[in-house]
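Participant: Residue-level listing of the chains:
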Amino acid sequence: AQSVTQPDIHITVSEGASLELRCNYSYGATPYLFWYVQSPGQGLQLLLKYFSGDTLVQGIKGFEAEFKRSQSSFNLRKPSVHWSDAAEYFCAVAPPNNNAGNMLTFGGGTRLMVKP
Amino acid sequence: NAGVMQNPRHLVRRRGQEARLRCSPVKGHSHVYWYRQLPEEGLKFMVYLQKENIIDESGMPKERFSAEFPKEGPSILRIQQVVRGDSAAYFCASSRNGANTGELFFGEGSRLTVL
Numbered sequence: 042a043q044s045v046t047q048p049d050i051h052i053t054v055s056e057g058a059s060l061e062l063r064c065n066y067s068y069g070a071t072p073y074l075f076w077y078v079q080s081p082g083q084g085l086q087l088l089l090k091y092f093s094g095d096t097l098v099q100g101i102k103g104f105e106a107e108f109k110r111s112q113s114s115f116n117l118r119k120p121s122v123h124w125s126d127a128a129e130y131f132c133a134v135a136p137p138n139n140n141a142g143n144m145l146t147f148g149g150g151t152r153l154m155v156k157p
Numbered sequence: 008n009a010g011v012m013q014n015p016r017h018l019v020r021r022r023g024q025e026a027r028l029r030c031s032p033v034k035g036h037s038h039v040y041w042y043r044q045l046p047e048e049g050l051k052f053m054v055y056l057q058k059e060n061i062i063d064e065s066g067m068p069k070e071r072f073s074a075e076f077p078k079e080g081p082s083i084l085r086i087q088q089v090v091r092g093d094s095a096a097y098f099c100a101s102s103r104n105g106a107n108t109g110e111l112f113f114g115e116g117s118r119l120t121v122l
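Line by line, the protein sequences are chains V and B. When the letters of the first sequence are read in order and numbered with this note's numbering, they come out as residues 42 to 157. When the letters of the second sequence are read in order and numbered with this note's numbering, they come out as residues 8 to 122.
What the hints contain is simulated information worked out from the structure, not anything from laboratory work. Any given hint might turn out to be false.
[Unchecked claim] If you want a taste of the chain B side facing chain V, the calculated C-beta under 8 angstroms gives, among others: (1) Y40; (2) E48; (3) G49; (4) L50; (5) F52; (6) Y55; (7) D63; (8) F98; (9) F113; (10) G114; (11) E115; (12) G116.
[What the hints assert, rightly or not] Think about it this way: if two alpha-carbon atoms lie no more than 20 angstroms apart in a straight line, the pair counts; the simulated DMTMM-like pairs of lysine to aspartate or glutamate are: (13) K51(B) - D49(V); (14) K102(V) - E56(V); (15) K102(V) - E110(B); (16) K34(B) - E79(B); (17) K51(B) - E75(B); (18) K51(B) - E70(B); (19) K51(B) - E64(B); (20) K90(V) - E129(V); (21) K69(B) - E25(B); (22) K90(V) - E110(B); (23) K51(B) - E129(V); (24) K102(V) - D126(V).
Beta carbons: idealized from backbone N, C-alpha and C, even for Gly.
In isolation and in its complexed conformation, chain B is listed as follows (with noise of 0.2 angstroms):
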């Protein structure tokens, strides 16, 4: 039984690049979320999607950052232009379905370094 699958596990780019994040979740699961955990800190809600809907962006930065869950594929986590402020561990999680039980499974995470 696979968990929840992130890649790339380590991410390094320069400002100004692109970096896409990548999450599978676990199998039959159609509920995913996106979580951003800076140096030192907790982790923050982004992004809630179904499959192919955006539930909840409110935790998303307006500009830069996007999110998709399409019909078929993994999640993507796309940050356009990085900058230096953007370097965190982004995690990935899912559930089979939105009710408000806490059971996320949580991937791996990201780790995102902007030089």
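So that you can see chain V by itself, here it is in the shape it has in the complex (with noise of 0.2 angstroms):
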């Protein structure tokens, strides 16, 4: 079974530092990987997401991410971040086909907080 982890539960940076976000997943191809962004009290949002080519992926809000097959991971990343960025993020995984629907694994999130 597919499964996503986030090793870092909490991330404190200051305001205008990089930003990386670590996520590796386990899956027996390569899963259609994705990352989302949930403010507090909101739904989740869609940051970007990976299926095929290019292996640096270009999203909404400044974030990118890079899929490296050979470590398994999807790592986001910022390279100024903003206040308005504090939220929590979730890398996802899907399984690379159509008839999956869209049943995403979360991984269980990393809270980032940013420092004036």
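Dock chain to chain to rebuild the complex, using the hints, since each chain is given by itself in its own frame.
Facilitator: Spelled out as structure tokens, the structure:
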């Protein structure tokens, strides 16, 4: 069965500093990969996704993620964090076929706090 | 353009009561998914529905939980005889089709507290 691990439960960075959130997955083949963001009391918003092709994926709000097959990782990065980026970030995977619908498997999340 | 609408946003129930959570998908979306988020955990898939059909309920507890998505009206997640362990945030998501694009639109969730 697939699984997603986000090793860092909490991360605190200073505003303007760079950010990297880690995500590792366990899956038989290369799954579809996603990052979602959840602001307090809100639903999830899709930041970016990877299906195939270029392993560096650009998303919204200045985020990017890099797929590394050898490490089974899909880490999320941002060069300069803004206070409004404080939220919880979830990595997710889905089976790479069109019959599975959008049944995502989520990691446990990383809560990002931004210091002024 | 209304997004996914869930209500109630907050629901308090005593043990043994029933909880009904409603979800209206994005207009034009015919696929609905329910996820549960326990405190300090990620989201766990519960059930995937199309209009009038349950496609996959592999994440639903075998007892007390049921879901429907009728031809008309919102999708309903029903929890009978709630217990304290049912306290969680329940998120509904919708998509236009079932293709695996990750284009899920999430509601703001319904937070159930069982006393």
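Participant: Any hints this thing doesn't respect? Which numbers, in order?
Facilitator: The structure conflicts with no hint, since it agrees with every one listed earlier.
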